[in-house]
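K.L.:
Build the complex: two chains, separate frames, hints provided.
Read top to bottom, the protein sequences are chains A and B.
Per UniProt numbering, the first sequence runs over residues 1 to 343.
Per UniProt numbering, the second sequence runs over residues 1 to 158.
Any given hint could turn out to be false.
Unchecked claim - No farther apart than 25 angstroms at their CA atoms in a straight line, the calculated lysine-lysine pairs in the DSS-like style are these:
hint: 1; chain 1: B; residue 1: Lys-68; chain 2: B; residue 2: Lys-97
hint: 2; chain 1: A; residue 1: Lys-138; chain 2: B; residue 2: Lys-38
hint: 3; chain 1: A; residue 1: Lys-284; chain 2: B; residue 2: Lys-68
hint: 4; chain 1: B; residue 1: Lys-57; chain 2: B; residue 2: Lys-38
hint: 5; chain 1: A; residue 1: Lys-138; chain 2: B; residue 2: Lys-34
hint: 6; chain 1: B; residue 1: Lys-104; chain 2: B; residue 2: Lys-38
hint: 7; chain 1: A; residue 1: Lys-264; chain 2: A; residue 2: Lys-146
hint: 8; chain 1: B; residue 1: Lys-34; chain 2: B; residue 2: Lys-101
hint: 9; chain 1: A; residue 1: Lys-146; chain 2: B; residue 2: Lys-34
hint: 10; chain 1: B; residue 1: Lys-34; chain 2: A; residue 2: Lys-140
hint: 11; chain 1: B; residue 1: Lys-68; chain 2: A; residue 2: Lys-280
hint: 12; chain 1: A; residue 1: Lys-146; chain 2: A; residue 2: Lys-17
hint: 13; chain 1: B; residue 1: Lys-38; chain 2: A; residue 2: Lys-146
hint: 14; chain 1: B; residue 1: Lys-38; chain 2: A; residue 2: Lys-140
hint: 15; chain 1: B; residue 1: Lys-57; chain 2: B; residue 2: Lys-68
hint: 16; chain 1: B; residue 1: Lys-34; chain 2: A; residue 2: Lys-284
hint: 17; chain 1: A; residue 1: Lys-280; chain 2: B; residue 2: Lys-34
Stated by the list, open to error - To be clear about the criterion: a stretch of chain A counts as covered by chain B if any three or more of its residues have a C-beta under 8 angstroms from a C-beta of chain B, and this derived list gives those stretches:
hint: 18; region: 79-87
hint: 19; region: 144-151
hint: 20; region: 285-296
In case anyone wonders, no lab produced these hints; they're calculated from the structure.
Just so it is clear, CB atoms sit at the ideal spot from N, CA and C, and this is done for glycine as well.
Letter by letter, the chains look like this.
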Amino acid sequence: MSAVMMVSKKAVRRWEKLPGRNTFCCDGRVMMARQKGVFYLTLVLIVGTCSLFFSFECPYLALHLSPAIPVFAALLFLFVLAMLLRTSFSDPGVLPRALPDEAAFIEMEIEATNGSVPAGQRPPPRIRNVQINNQIVKLKYCYTCKIFRPPRASHCSICDNCVERFDHHCPWVGNCVGKRNYRYFYLFTLSLSLLTIYIFSFDIVHIVMRSMKTGFVSALKETPGTYPFRTVVVCFFTLWSVVGLTGFHTYLISLNQTTNEDIKGSWSGKNRVQNPYSHKNVLKNCCEVLCGPVYPSVLDRRGLLESSAIKGIQPAATATVSKSTDSVQQISVSRLVLHSLHC
Amino acid sequence: MATEFHNLQELRHSASLATKVFIQRDYTEGTVCKFQTKFPAELDSRIERSLFEDTVKTLNNYYAEAEKIGGQSYLEGCLACATAYVIFLCMETRYEKVLKKISKYIQEQNEKIYAPRGLLITDPIERGMRVIEISVFEDRGSSGSSSGSSSTSSSSGR
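Chain B extracted, bound-state conformation (with noise of 0.2 angstroms):
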């Protein structure tokens, strides 16, 4: 884990935000949280469209799982209704356990996949869900248009 963390650090320090790329909702199947998979023009040069796909389709799937109206999220409404939502002071719910899983996910992308390309995912659910947040970087050796390091509060402590 130590030696990942390095290579995220080595990114923050050495590379600079070039620009940043927003994923959008896709809204043609109602209010569920699902992710537009188009592939954005501005990553045509940084990654390959098939690992961007299936990034973006397991966060649809894992989103879908979590908000699965069937037998368990009644068992779970019911269930908690009977003990006037007590309960959730000491139970986690389903969403919150899918929730733990994207963000495990997106990291292990992050690691793997993206910071290797100068590439950065941030969770959507620190933008209210709205979008995907992919940060491109370049390196400063490079002689790429760079708007200094990032000023606004896009971080968050947990």
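Isolated chain A (complex conformation) (with noise of 0.2 angstroms):
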């Protein structure tokens, strides 16, 4: 075969060939879920409530009032940008899919538990009974990722991902909630629901202060894209809304426990086991959610996979172009093993 092969390496990155429904940017080292345009609306309707107040009201409160106010809000408004970006684009805790070996290893695992089933009889749901903290703990079996998911990881529908003591998908902030940004995702809350609170307040003292001078009619005149619509939609609603959420929030992390738990009563009726990761204190509690380490990421997004495109050059033979063929994968897997073993 007088084929002129030609074979021309491209180095790959892990995330380009992950399994789930996410998307990345950036190279991998931006992490969200697919639909994004609730986010982007979050972002604008932050961004937009903010210009404005910036530019109508700020001017008058730091001449009248004091000039600390603007700086403040500016401060504030870039915590809560920065809260949710992290949130928004940091993995949240994303479990691996079992490779082949390990799925091999785990069935077996379940074959000899559970024994030949008859033929026709339905097979015994796939359980894990675990003790934690002397309590009884199911562990379920995730027929997507093959894995046992660890206790409070669940399986994100809209990711396709299991994610470590799920929170919950949160389309605000287009991505799921988990362990490793929910500490983010609280503190954007919460420091949302002060900007909202902050900004609410100073839209009802400037306007006060105008009354005073000019009258009010004549006041709503002079702000007009502040009033009305800003104030009562915009803040009025993000305030009872947001503030809401995190009131809630600080209830769940007082009592460590998760949303996805919440809703499904896991720890809560007579017959049902306490929560076995409480620490029954609350200080405590916030601390271990707030303060504890920072987790990484297991998910390793921006390593290299070897792969090769192979191009047939002869016209009476099709030309194959792909971008990893098994055969040319196991030849070169020994190699990459042993750059594994080097790191």
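P.N.:
If you want it as structure tokens, here you go:
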């Protein structure tokens, strides 16, 4: 065969081959869910409201009250944005799927425990019981990821990933909220509540001050950008929803529970198991969730996967261009393993 | 370093993978990272029980150190919060520092103890911190059953 084969190596990053329904940006540094529409809406609402505040009220307030007011608002606004972007862009604690060897090993263990199932009968549900702090907790098997989910992990159907300490999938931040980004999510809701309260109160101070000088109706005419739309619609509704959400999550943190567990009622009810993860002390629970260690991502997004593109250049042979063929991978796998041993 | 590397290389070239053993997580103390020290039956003839248990216990201690909630973690958390977590762009977290120590420890254990016995430990971080994967090799010369060279993508470049 006189085909001229050109083998050119193209480095592929691991994020390009990850299963699950996530989008990646900046060469794997940013990880989000696929539907980002509501996230853009959140950004627009926050940035839009704050820019109106800075352009219409801050000059007046800085002049008549104190220049510290817009400065503090700016700092708070930057903190809110930082927390939002941190929550949206980070890996929530996704568990990588089991490789074939591990999946086969688990299957073997399951078959060994269940024994042979008579034909026609449904196999028993795949559950493992573990004892955590003297309570029995059931670990469920995930058929998509082919693993027994660790305690508190859950499979997000929107992102198609198992996430550790799964709280909920938040469309407002465009990502799941889990072990790694829960504290950023909480700080985002908390700081957004403070920012909303701050802007709302200074809106009122501003309108009162202007009314005292020029009367209520002319004050409204002077600042059309602010009243009534922004104050009433955006701030008021945001206030109740975001402050309510912050309150709810403060309650969850003090009990060391996740939204997922609260909705399912895992730890409530008379015959149910008591929460084995709670330290029974509000301060300790808060410290663990908010001041605990910063967990690293176990999803190696930016690692390199070697793959070769083989081109057959000959009129007779069909040109096959494939990114990675099994045979090439097997030949180069030992080299890859040596790479991994070397790191 | 070159000579030890050579031994691991020989392991891969001259030995074929027989089976893989997976040490599961121990959840009795909650969600902290801890692995079971139960000695798997497949390793019975390959390595002494005490050596294996030492390795797993040391790994568990490393992970406990990384996840400890105490003065240092509070300080790190508060400082990071005050800087809106921007500080993590230039500073390594305590967990990452311990993970590097773990990686070095596993490399050392492989070179000194496991490779000479035809075994290889994979760092748990490459398996999502779910399992410690121990690959068991058979020498090609022996008549042990072999499943051929590994064709799984159990390799990663960092």
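K.L.:
Confirm or reject each hint.
P.N.:
Each hint tested on the structure:
For the suggested pair B:Lys-68 and B:Lys-97, the alpha carbons sit about 13 angstroms apart, so the restraint of at most 25 angstroms is met. For a cut-off of 25 angstroms, the pair hint linking A:Lys-138 to B:Lys-38 stands: about 21 angstroms separates their Cα positions. The hinted pair formed by A:Lys-284 and B:Lys-68 meets the criterion: a straight-line CA distance of about 13 angstroms does not exceed 25 angstroms. Pair hint B:Lys-57 plus B:Lys-38 holds up; C-alpha atoms about 11 angstroms apart against a cutoff of 25 angstroms.
Between the alpha carbons of A:Lys-138 and B:Lys-34 the distance comes to roughly 18 angstroms, so the proposed pair stays at or under 25 angstroms and holds. The straight-line distance between the Cα atoms of B:Lys-104 and B:Lys-38 is roughly 24 angstroms, inside the 25 angstroms bound, and the hint therefore holds. Our distance criterion of 25 angstroms between C-alpha atoms is met by A:Lys-264 and A:Lys-146, whose separation comes to about 23 angstroms. Restraint check: the Cα-Cα separation between B:Lys-34 and B:Lys-101 comes to about 16 angstroms, which is no more than 25 angstroms; the hinted pair holds.
A hinted pair counts as satisfied when its Cα atoms are at most 25 angstroms apart, and A:Lys-146 with B:Lys-34 qualifies at roughly 21 angstroms. Taken as a hint, the B:Lys-34 and A:Lys-140 pair is honoured in the structure, with Cα atoms around 19 angstroms apart against an allowance of 25 angstroms. Distance restraint check for B:Lys-68 and A:Lys-280: the Cα-Cα separation of roughly 18 angstroms lies within the 25 angstroms cut-off, and the hinted pair is therefore satisfied. With a CA separation close to 18 angstroms, the supplied pair A:Lys-146 and A:Lys-17 stays within the 25 angstroms bound.
For the proposed pair B:Lys-38 and A:Lys-146, the alpha carbon gap of about 23 angstroms is at most 25 angstroms, so the pair holds. Between B:Lys-38 and A:Lys-140 the alpha-carbon distance is near 22 angstroms, which keeps this suggested pair within the 25 angstroms criterion. Taking the CA atoms of B:Lys-57 and B:Lys-68, the gap is near 16 angstroms; set against the 25 angstroms cutoff, the hint holds. For the given pair, B:Lys-34 sits about 21 angstroms from A:Lys-284 by alpha-carbon distance, which is consistent with the 25 angstroms threshold.
Among the hinted pairs, A:Lys-280 with B:Lys-34 is consistent with the structure: their alpha-carbon atoms are about 23 angstroms apart, no more than 25 angstroms. Closer than 8 angstroms: that is the beta-carbon criterion, and the region 79-87 of chain A has 4 residues meeting it against chain B, so the requirement of 3 holds. With 3 residues having a beta carbon nearer than 8 angstroms to a beta carbon of chain B, the region 144-151 of chain A meets the requirement of three or more and the stated coverage holds. With a threshold of 8 angstroms between beta carbons, the proposed coverage of the region 285-296 of chain A by chain B holds, since 9 of its residues qualify and at least three are required.
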